[in-house]
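Please build the complete structure, drawing on both the sequences and the hints.
Top to bottom, those sequences are chains A and B. Its first residue numbered 0, the first sequence is counted upward by one per residue in numbering that gives the first Met the number 0. Its first residue numbered 0, the second sequence is counted upward by one per residue in numbering that gives the first Met the number 0.
No lab work stands behind these hints, which were simulated from the structure alone. Small disclaimer: the values here were computed from a predicted structure and weren't measured. For glycine and all other residues, C-beta sits at the position ideal for the given N, C-alpha and C. The reader is advised that the hints may include incorrect statements.
[What the hints assert, rightly or not] Cross-link-like lysine to aspartate or glutamate pairs, in silico, DMTMM-like; alpha carbons within 25 Å at most:
| id | chain 1 | residue 1 | chain 2 | residue 2 |
| --- | --- | --- | --- | --- |
| 1 | B | 71 | A | 114 |
| 2 | A | 238 | A | 222 |
| 3 | A | 53 | A | 204 |
| 4 | B | 260 | A | 248 |
| 5 | A | 238 | B | 249 |
| 6 | B | 248 | A | 139 |
| 7 | B | 251 | A | 255 |
| 8 | A | 252 | B | 191 |
| 9 | A | 252 | B | 172 |
| 10 | B | 46 | A | 139 |
| 11 | B | 105 | A | 20 |
| 12 | B | 154 | A | 164 |
| 13 | B | 258 | A | 171 |
| 14 | B | 161 | A | 171 |
| 15 | B | 161 | A | 150 |
| 16 | B | 260 | A | 17 |
| 17 | B | 251 | A | 204 |
| 18 | A | 252 | B | 195 |
| 19 | B | 291 | A | 247 |
| 20 | B | 248 | A | 229 |
| 21 | B | 169 | A | 260 |
| 22 | A | 55 | A | 83 |
| 23 | A | 238 | B | 259 |
| 24 | A | 258 | B | 185 |
| 25 | B | 258 | B | 185 |
| 26 | B | 71 | B | 39 |
| 27 | B | 161 | B | 142 |
| 28 | A | 75 | A | 54 |
| 29 | B | 105 | A | 247 |
[Stated by the list, open to error] Quick partial rundown of chain A residues pointing at chain B, CB under 7 Å, derived from the structure:
| id | residue |
| --- | --- |
| 30 | 29 |
| 31 | 169 |
| 32 | 225 |
| 33 | 249 |
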Amino acid sequence: MSGKAPLRIIVCLKHAVDESELRVDASGHPILQGAQARMSAFDRNAVEEGVSIKEKAGGTVTALSLGTEDVRKSIKEALAMGCDRAILVNSSKYLDALATSYYLARAVQRAAPYDLMICSEGASDTYDGLVGPMLAQWLDLPFMGYVRRTELRGDGSLQCELAMEESVEVVEARFPSVISVVSEINSPRYPTLLQIMQASKKPIEEFPLDSLAPGPGEAAAPEAAVRVLDTTAQSMSRKKILFEGSPEESASKLLEALKSEGVL
Amino acid sequence: MAAEVAAGAATICESLGGGFAVIAVSSETPSPSNFEAVADAIVEVAKREGAQVVLLGATRLGRQVAARIAVKTSQGVLSDVRDLRVESSGGAAAMLTGVRPVFAGKFNAKVASVLPCVATIPSGAYAPQGASASSTQPPATVEIAMGPKAPERVKHIETRPKPKNTVDLKSAEVIVSAGRGFKNKEDLVLVENLAEALGGVVGASRPLSSDLGWLGEERHIGLTGIYVRPSLYIAVGISGQLQHVAGIKDSKIIVAINKDKQAPIFQVADYGIVGDLYLVVPALLKAIETQKAS
Numbered sequence: 000m001s002g003k004a005p006l007r008i009i010v011c012l013k014h015a016v017d018e019s020e021l022r023v024d025a026s027g028h029p030i031l032q033g034a035q036a037r038m039s040a041f042d043r044n045a046v047e048e049g050v051s052i053k054e055k056a057g058g059t060v061t062a063l064s065l066g067t068e069d070v071r072k073s074i075k076e077a078l079a080m081g082c083d084r085a086i087l088v089n090s091s092k093y094l095d096a097l098a099t100s101y102y103l104a105r106a107v108q109r110a111a112p113y114d115l116m117i118c119s120e121g122a123s124d125t126y127d128g129l130v131g132p133m134l135a136q137w138l139d140l141p142f143m144g145y146v147r148r149t150e151l152r153g154d155g156s157l158q159c160e161l162a163m164e165e166s167v168e169v170v171e172a173r174f175p176s177v178i179s180v181v182s183e184i185n186s187p188r189y190p191t192l193l194q195i196m197q198a199s200k201k202p203i204e205e206f207p208l209d210s211l212a213p214g215p216g217e218a219a220a221p222e223a224a225v226r227v228l229d230t231t232a233q234s235m236s237r238k239k240i241l242f243e244g245s246p247e248e249s250a251s252k253l254l255e256a257l258k259s260e261g262v263l
Numbered sequence: 000m001a002a003e004v005a006a007g008a009a010t011i012c013e014s015l016g017g018g019f020a021v022i023a024v025s026s027e028t029p030s031p032s033n034f035e036a037v038a039d040a041i042v043e044v045a046k047r048e049g050a051q052v053v054l055l056g057a058t059r060l061g062r063q064v065a066a067r068i069a070v071k072t073s074q075g076v077l078s079d080v081r082d083l084r085v086e087s088s089g090g091a092a093a094m095l096t097g098v099r100p101v102f103a104g105k106f107n108a109k110v111a112s113v114l115p116c117v118a119t120i121p122s123g124a125y126a127p128q129g130a131s132a133s134s135t136q137p138p139a140t141v142e143i144a145m146g147p148k149a150p151e152r153v154k155h156i157e158t159r160p161k162p163k164n165t166v167d168l169k170s171a172e173v174i175v176s177a178g179r180g181f182k183n184k185e186d187l188v189l190v191e192n193l194a195e196a197l198g199g200v201v202g203a204s205r206p207l208s209s210d211l212g213w214l215g216e217e218r219h220i221g222l223t224g225i226y227v228r229p230s231l232y233i234a235v236g237i238s239g240q241l242q243h244v245a246g247i248k249d250s251k252i253i254v255a256i257n258k259d260k261q262a263p264i265f266q267v268a269d270y271g272i273v274g275d276l277y278l279v280v281p282a283l284l285k286a287i288e289t290q291k292a293s
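Below you can see the structure in the form of structure tokens.
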């Protein structure tokens, strides 16, 4: 403990369709109606990082999300994992990354002062990794992306190891800042039954999307410029030939097959 | 990726039916400290030239540069797109369209953005054009002057090279990967031996490289790791989570060894052996040896 002011952390999360449960209809389209949704897998790493920094340094963690009432499921999970409160931007409108990040930025400006915002490296459905750096730009804050390790410095800054493609870069920025974390950074905790029960008592502050619209004299809100026109199953035309005999039989059949494929 | 991005830009111009040109913008290499300055400089050039599309590589820094350009210009971003073209239908405004993976690669989405916009392309989406491939003029290159150095908000402390890659998964012809089916770290000698017998290298699914740490992170194949395209990919004790499958889709032949017949990996494999890897891999090694001897 440094004895400094407690840290105010915001963690962004997305309630997203669970791709592993997603079914395909006869025409090759995903059956999104009634599809299972849950907190985007990598966002659980962001929540874990926020909560573990709080446990080390003291402070509060606010979970932030945008979407319909259904998003409460993911927010509850974040609260059970150790977030103290939540902000929900209510919207049933389709928004792209630019518009989403705009309203999230407006909500945090409205809701609370903060020192650190944590996003994941990308959502499990699109894996764009855009909302984090866009938030930083809307809020005019430093951004550190693809963080695999964080270390609080005594001087009000955060040092991060960034997992870039070819190297690890060690960088540092003063609070307030925005970071995105990679999934290797930690192993998300599983809340206990007691924590799950207690989560329902934690406060959730709501902002209807309209309440965050720009006022007179402010720049217009971005429209959703990006649209999804069609979504179809990727074809994986594989042979799917199974060998189920003894290990010896299977092994020699496989080798024969690979030889005739010309890959041995 | 500069050559690939230029090739992608040239195809967009072709779909516009003439009258447009590619401008190659060269700047300082973006880094975690200067990516904002790079983005700002690109915004300047794009404004001056009236750019309809700003195209970048979908690298980790490329995405960050794209995000900043989008906020500064209030434009949409298409991420990880292939098959880019400008389309217009029924008098509607022209849009840039492309195809990208969604839901961990289980589906492809056709996406569109109003122009002008920003787009990022994945490595391998466009082959760099050879000298004879196109009659189009080589792009004019604009060197952008970076603005006066503002104090960098993200301070660079040091660069650590990633642990020496003794393996080159990206260009390997044969890859043998290990997954959670292995009970002990010591048992990985089985995949090492199999890889060696086949002249290949060892890869890993995420649980082994990241969670258990039995194999280095540089061997992690999948959505958040490396994408590979070998002639032969052998998945040993890997269940076949979508995130892993996303990284092996472009393999020519996929082989799976798993004791669970219901494991999803068999759905994406050309050949599968249903059985205990602790018996199957030794049998395979023996069969390879016998074959080599004969």
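Okay, the hints, checked on the actual structure:
no. : hint             : in the structure
1   : B/71 with A/114  : 23 Å, holds
2   : A/238 with A/222 : 45 Å, violated
3   : A/53 with A/204  : 20 Å, holds
4   : B/260 with A/248 : 17 Å, holds
5   : A/238 with B/249 : 14 Å, holds
6   : B/248 with A/139 : 39 Å, violated
7   : B/251 with A/255 : 16 Å, holds
8   : A/252 with B/191 : 22 Å, holds
9   : A/252 with B/172 : 21 Å, holds
10  : B/46 with A/139  : 21 Å, holds
11  : B/105 with A/20  : 11 Å, holds
12  : B/154 with A/164 : 19 Å, holds
13  : B/258 with A/171 : 47 Å, violated
14  : B/161 with A/171 : 19 Å, holds
15  : B/161 with A/150 : 20 Å, holds
16  : B/260 with A/17  : 23 Å, holds
17  : B/251 with A/204 : 51 Å, violated
18  : A/252 with B/195 : 20 Å, holds
19  : B/291 with A/247 : 16 Å, holds
20  : B/248 with A/229 : 21 Å, holds
21  : B/169 with A/260 : 21 Å, holds
22  : A/55 with A/83   : 15 Å, holds
23  : A/238 with B/259 : 18 Å, holds
24  : A/258 with B/185 : 30 Å, violated
25  : B/258 with B/185 : 20 Å, holds
26  : B/71 with B/39   : 8 Å, holds
27  : B/161 with B/142 : 31 Å, violated
28  : A/75 with A/54   : 19 Å, holds
29  : B/105 with A/247 : 34 Å, violated
30  : 29               : 6 Å, holds
31  : 169              : 4 Å, holds
32  : 225              : 4 Å, holds
33  : 249              : 4 Å, holds
Hints 2, 6, 13, 17, 24, 27 and 29 from the list above are not met by this structure, while the remaining hints are.
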